[in-house]
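In the working numbering, the protein residues as written are 27 to 264.
The set of hints was computed from the structure by calculation and includes no laboratory data. Don't be surprised by glycine CBs; every beta carbon is placed ideally from N, CA and C. Please note that the accuracy of each hint is not assured.
To be verified - Label-pair ranges, simulated between beta-carbon atoms:
(1) E53 x Y146: 37 to 43 Å
(2) Y252 x L41: 23 to 29 Å
(3) Y252 x Y197: 18 to 24 Å
(4) V217 x N54: 46 to 52 Å
(5) F58 x F246: 32 to 38 Å
(6) Q226 x L60: 47 to 53 Å
(7) I223 x D105: 28 to 34 Å
(8) P230 x A255: 34 to 40 Å
(9) G213 x A70: 43 to 49 Å
(10) A69 x T242: 28 to 34 Å
(11) Q226 x A66: 28 to 34 Å
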Amino acid sequence: MSNPVPVLSIAACYLLFVLHYGPRWMENRKPFVLKNTLIAYNAAQVVFSTLLCVQPFFIGGLHRALNVSCNANAVVDRDLQLTIWNGTWWYMVLKHVELLDTVFFVLRKKQNQVSFLHVYHHTIMAVFTWGYLKYLPGVQGAFLGILNSFVHIIMYTYYLIAAMGPQYHKYLWWKKYMTTIQLTQFGIMLVYLFLIISFQCSVPRSLTFFFVINVTIFLFLFWNFYRKAYSKEEKKLH
Numbered sequence: 027m028s029n030p031v032p033v034l035s036i037a038a039c040y041l042l043f044v045l046h047y048g049p050r051w052m053e054n055r056k057p058f059v060l061k062n063t064l065i066a067y068n069a070a071q072v073v074f075s076t077l078l079c080v081q082p083f084f085i086g087g088l089h090r091a092l093n094v095s096c097n098a099n100a101v102v103d104r105d106l107q108l109t110i111w112n113g114t115w116w117y118m119v120l121k122h123v124e125l126l127d128t129v130f131f132v133l134r135k136k137q138n139q140v141s142f143l144h145v146y147h148h149t150i151m152a153v154f155t156w157g158y159l160k161y162l163p164g165v166q167g168a169f170l171g172i173l174n175s176f177v178h179i180i181m182y183t184y185y186l187i188a189a190m191g192p193q194y195h196k197y198l199w200w201k202k203y204m205t206t207i208q209l210t211q212f213g214i215m216l217v218y219l220f221l222i223i224s225f226q227c228s229v230p231r232s233l234t235f236f237f238v239i240n241v242t243i244f245l246f247l248f249w250n251f252y253r254k255a256y257s258k259e260e261k262k263l264h
C-alpha cells in the first residue's frame, strides 16, 4: 500500500462518521445492543495484540532487533527482517481496525466518550503506522510496537470484562491504573525516542521528531484526562 489515498480516505470517512453523520443518524434511534459483538471484538484484539507482542521472541529475542535499532540501514538476517515486516503490516491493520472502538461508541449512543483525546489518538495512529511502514519498515519501531501491543493486551482485557456485563464489573477495580499504564508507556516511548536522537542514530529525524511531538501530545492529553477524572473521584470521597 504505497499510495496514501486509501489510508487518508479511511481516516476521513472515520472522522465524518464519528463526528457528524453517525451521531445524526443515531439521533432518533435507540442505542444498538452490541454485547456479543463487543465481547468477540475485544477478545480478538487481545489475541492479536498478544501475537504481535510475542512474535519477535519466536526468532531469538527482542535484543536482536535492539542491537541494530540505531542503524536504519543495518543488515539483519532474513528471519528477523521478515518477522518485523510482517509484524509492522499487521500492526498497521490492527490500528485501522481499532477505529471501530469509536464507531461502537456512536452506535451505542455514547457520544460523550467520543472525546478529542480518543479521536485524535486513533486517527494519528492509523495514519502514522502507514507512514512508518512505507518510509521506515525496519527494526527501529519494533520496541515501540511491542510496548504498545502489551499495553493493548491489558486495555482490551479490561474492555472485554466490561462488555461481559455488570456482574463482572467487580473485577474491574484496576480501572484507574489503566491510565497510569498508558502514561508510563508514553514516558518510556519518549525516553527511547530521545535516545535515538541523542545517539545520532541513522533514522530520519523528521519522522522521529513527528513521533516525539505526538507522543508528547498523547502524554499531555492522557494526563489531563487522568487529572480531571480522578480528582473528581477524590473530591466525592471527601
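Now for the hints, and whether the structure bears them out:
1. E53 x Y146: 37 to 43 Å: violated (24 Å)
2. Y252 x L41: 23 to 29 Å: holds (25 Å)
3. Y252 x Y197: 18 to 24 Å: holds (21 Å)
4. V217 x N54: 46 to 52 Å: With Cβ atoms ~49 Å apart, the hint holds.
5. F58 x F246: 32 to 38 Å: Because 33 Å falls inside the window, the suggested range holds.
6. Q226 x L60: 47 to 53 Å: holds (49 Å)
7. I223 x D105: 28 to 34 Å: Holds: the Cβ-Cβ distance is about 29 Å, inside 28 to 34 Å.
8. P230 x A255: 34 to 40 Å: This hint holds: roughly 36 Å between Cβ atoms.
9. G213 x A70: 43 to 49 Å: For G213 and A70 the Cβ distance comes to about 29 Å; the hint is violated.
10. A69 x T242: 28 to 34 Å: holds (33 Å)
11. Q226 x A66: 28 to 34 Å: Check failed, 46 Å falls outside 28 to 34 Å.
Of the numbered hints listed earlier, those contradicted by the structure are 1, 9, 11.
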